[in-house]
Amino acid sequence: MLRYALRHILSGLLVLMMQAASIQAAEKPNILFIAIDDQNDWIGCLGGHPLIQTPNIDKLAKRGTLFLNAHCQSPLCNPSRTSLMTGKRPDTTGIYGLAPWIRDVDSLKDIVTLPQYLRKFGYRNYTTGKIYHGGYGRRKKDREFDVIGTPATVGARPKKPLVKTPSGHPLVDWGVFPHKDEDKGDWKVASWAVGQLDRGLQEPFFLSVGFFLPHVPCYATQKWFDLYPENDFVLPPILKNDRSDTPRFSWYLHWKLPEPRLKFLIENNQWQNLVRSYLASTSFVDSQVGRVLDALERSGHTDDTIIVLWSDHGWHLGEKEITGKNSLWDRSTRVPLIFAGPGVRANQRCVRPAELLDIYPTLIDLLGLPEKKDLEGHSLKPQLCDANACREWPAITTHNHDNHGLRTERWRYIRYADGSQELYDMKNDANEWHNLAGKPEYASVIAKLKKYLPAKSAKPAPGSAHRILTVDEMGNVVWEGEPIGKNDPIPEID
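With the numbering used here, the residue at position 4 of the sequence shown is -3, and numbering never jumps.
In case anyone wonders, no lab produced these hints; they're calculated from the structure.
Honestly, I wouldn't trust all of these hints.
Straight line, CA to CA, 27 Å or less: simulated DSS-like cross-link-like pairs of lysine-lysine [what the hints assert, rightly or not]:
(1) Lys52 x Lys152
(2) Lys374 x Lys113
(3) Lys216 x Lys152
(4) Lys479 x Lys21
(5) Lys432 x Lys420
(6) Lys374 x Lys444
(7) Lys443 x Lys420
(8) Lys441 x Lys452
(9) Lys233 x Lys479
Since we're looking at a predicted model, the values are computed, not measured.
Start from the sequences, fold in the hints, and give me the full structure.
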């Protein structure tokens, strides 16, 4: 009899514990995590381009808090995404290039990433598209995600390249050719996410959706391309000989890359075509963001889901005489960053500096999870409650060992590995056309900003490759294993 009573009591306790766990899980907000590749500030709500049409992202921004001064930790896919997902700066991990994957580095193989930390507290992790660089994190043994969906792909491609670029790289192409939106890789990524939301996800869920465009190749279908006029009004403003007051070392950060220089675009009448293709690709991705947000609405989870939308870094389209990323100027570092949902004040525009590094601690804070003290970012929760809340930290972007760009509300300060510098007054020179670093009257400004730079910068991690720049103790500069002479001609420029 006693045994039966004890069994009955234990059974009842088990039921209560399961019910409590169920209630606790239901009370945790879900997370919809939307990433866009190579997306600069050419988004309607950010005002980066006067003609851009991104109604879905703009609508999301009104539902939450938009950071107008958000910056990546690195202007390159792998180090930027690694930093965001680990909560560590590139100068801490030594991840500066497109390789290695963190789990292939002994000192990083056990680091707890954002999805892994969420899993500890009951979250089911779903992913589709590009969250980490390339295929990183998508293998079961990587232990990042529980359910792995459609990978990121270009999708439909023309039978031969549309543009013959100096590098001939298969990804560096752009323009229009006959195909449908449904043929594009990002359509398939959005469709997978939509399908998961329509069928219902195990809660609480962390659903990460990574879009490939407007990363090259910027192939556009005609309807998106036609949104943007065939005239010079689509072109970004540039200053002739803009690099005349920048250090030679600034060229070393993107010494030889697949992406062409502005010189090539002008000489081959391709500048306008590339800009229109990038704008069209951005509008297409916006439409896919809209599809996912509509599915979230249908699922009934809009009110209990925190939405985070971000890009891994920006992209030049002729500014500073280059295309692509790999620089420490605003065009390369400034990115969209939007939070919406539970705990986030709606219709806010925040001008305080923010970093992608802040996403990890911010989500922990919003969810009320135990603090993870080894994270190097800072929670943005104060700004999500009040966009005018003070924030003492600048945003810092690092590209390769000991090259740092620092952004406050007013200033952009850059210090390169050889000690050369740039300083821009972003209030009066938003295009970064006039380097003030050599003017004595700004020495005190630089002195204050320098205090925020990392005291130490890790050397490239073992296995580092692709776009790696190093400087030895003698000041010798090496790009991808090849020395750069002090008088070597700048590729595709000199």
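Consistency of the hints with the structure:
no.: 1; hint: Lys52 x Lys152; in the structure: violated, 37 Å
no.: 2; hint: Lys374 x Lys113; in the structure: holds, 22 Å
no.: 3; hint: Lys216 x Lys152; in the structure: holds, 21 Å
no.: 4; hint: Lys479 x Lys21; in the structure: violated, 57 Å
no.: 5; hint: Lys432 x Lys420; in the structure: holds, 17 Å
no.: 6; hint: Lys374 x Lys444; in the structure: holds, 25 Å
no.: 7; hint: Lys443 x Lys420; in the structure: holds, 19 Å
no.: 8; hint: Lys441 x Lys452; in the structure: holds, 26 Å
no.: 9; hint: Lys233 x Lys479; in the structure: holds, 24 Å
Going down the numbered hints, you'll see the structure goes against 1, 4, while the others check out.
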